[in-house]
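K.L.:
Going letter by letter, the sequence shown gives residues 1 to 222 in this note's numbering.
Bear in mind the hints are in silico, worked out from the structure with no lab data behind them.
There may be inaccurate statements among the hints.
Cross-link-like lysine-lysine pairs, in silico, DSSO-like; alpha carbons within 27 Å at most [what the hints assert, rightly or not]:
| # | residue 1 | residue 2 |
| --- | --- | --- |
| 1 | K186 | K110 |
| 2 | K216 | K99 |
| 3 | K99 | K202 |
| 4 | K125 | K202 |
| 5 | K110 | K93 |
| 6 | K99 | K125 |
| 7 | K186 | K93 |
| 8 | K216 | K202 |
| 9 | K110 | K99 |
| 10 | K125 | K93 |
| 11 | K86 | K186 |
| 12 | K125 | K186 |
| 13 | K212 | K202 |
| 14 | K110 | K202 |
| 15 | K93 | K212 |
| 16 | K216 | K125 |
| 17 | K99 | K86 |
| 18 | K212 | K86 |
| 19 | K212 | K125 |
| 20 | K216 | K186 |
| 21 | K86 | K216 |
| 22 | K186 | K212 |
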Amino acid sequence: MCYMFHLVNDVMIFIPSRTIGMDDFSVASCVGLEPLSSSPNREACMVILALQELTAIVAVCSYDCALLFLFSHTTAVFQILHEDMKSFSDITKTCQHSKEAYYEIEDRLKNIIVRHALALHTVGKLEAIYRVTIGIGFGLDAISLCLFFVLPLEVCLNFAPLIYHSLFIFFLYCFQGQRLTTASEKFEIAVYCCGWENLRVKEQRQVLLMLKQAQKPVIVYA
1 MCYMFHLVND
11 VMIFIPSRTI
21 GMDDFSVASC
31 VGLEPLSSSP
41 NREACMVILA
51 LQELTAIVAV
61 CSYDCALLFL
71 FSHTTAVFQI
81 LHEDMKSFSD
91 ITKTCQHSKE
101 AYYEIEDRLK
111 NIIVRHALAL
121 HTVGKLEAIY
131 RVTIGIGFGL
141 DAISLCLFFV
151 LPLEVCLNFA
161 PLIYHSLFIF
171 FLYCFQGQRL
181 TTASEKFEIA
191 VYCCGWENLR
201 VKEQRQVLLM
211 LKQAQKPVIV
221 YA
């Protein structure tokens with residue numbers, strides 16, 4: 001929903017300001033269509049500029065949506081693992097009463113360990129792919145915010161949409177990263193409270209190794 005609002009915000013702010021204010025700057029994309037003050041040259045130039053801006057907006061929003069999907073999917077994996085560990089703790093209470101329960105514990109524990117390892121591997125891949133681009137984005141956002149300190153206020157008001165956009169993107173990145181970190185912390189607590197004291201030594205060691213991995217902070221650095 002936030003990214004749909006981000007797309008609508010770009011279309012409603014950047015395309016009108018780019019096409020309507022053609023008299024305030026040099027329009028390099030409309031070379032050969034002079035004079036731009038007469039019809040249909042002006043309308044043709046506005047269409048060209050709108051298509052350029054729309055292409056750039058779609059590219060940026062596609063990147064944002066891909067990032068949202070990957071972060072949300074990884075967060076959902078940790079949330080599912082948390083629920084599985086809660087149900088796993090219910091099984092450990094009855095593991096001493098039947099061998100069938102122990103067989104189920106072995107299978108489910110192996111499954112959870114493999115899925116947790118894959119989730120951590122996915123987080124590492126996310127950081128490797130997006131850390132540079134997120135860092136560059138944060139740097140550009142910081143430069144945009146510094147405009148308030150170096151330009152007069154009446155000039156800064158012209159950059160208000162850009163500054164608003166920078167703050168909005170910064171909030172979205174922090175929000176998604178915090179959701180991922182919180183989900184991993186809940187899984188860590190579920191592992192610690194899974195009833196490992198009722199298991200055999202072999203399964204206790206497996207839970208201990210998984211707990212050590214879960215205690216590592218899941219953070220995507222920029």
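K.L.:
Are any of the numbered hints broken by this structure? If so, which, sorted upward?
P.N.:
2, 4, 6 and 10
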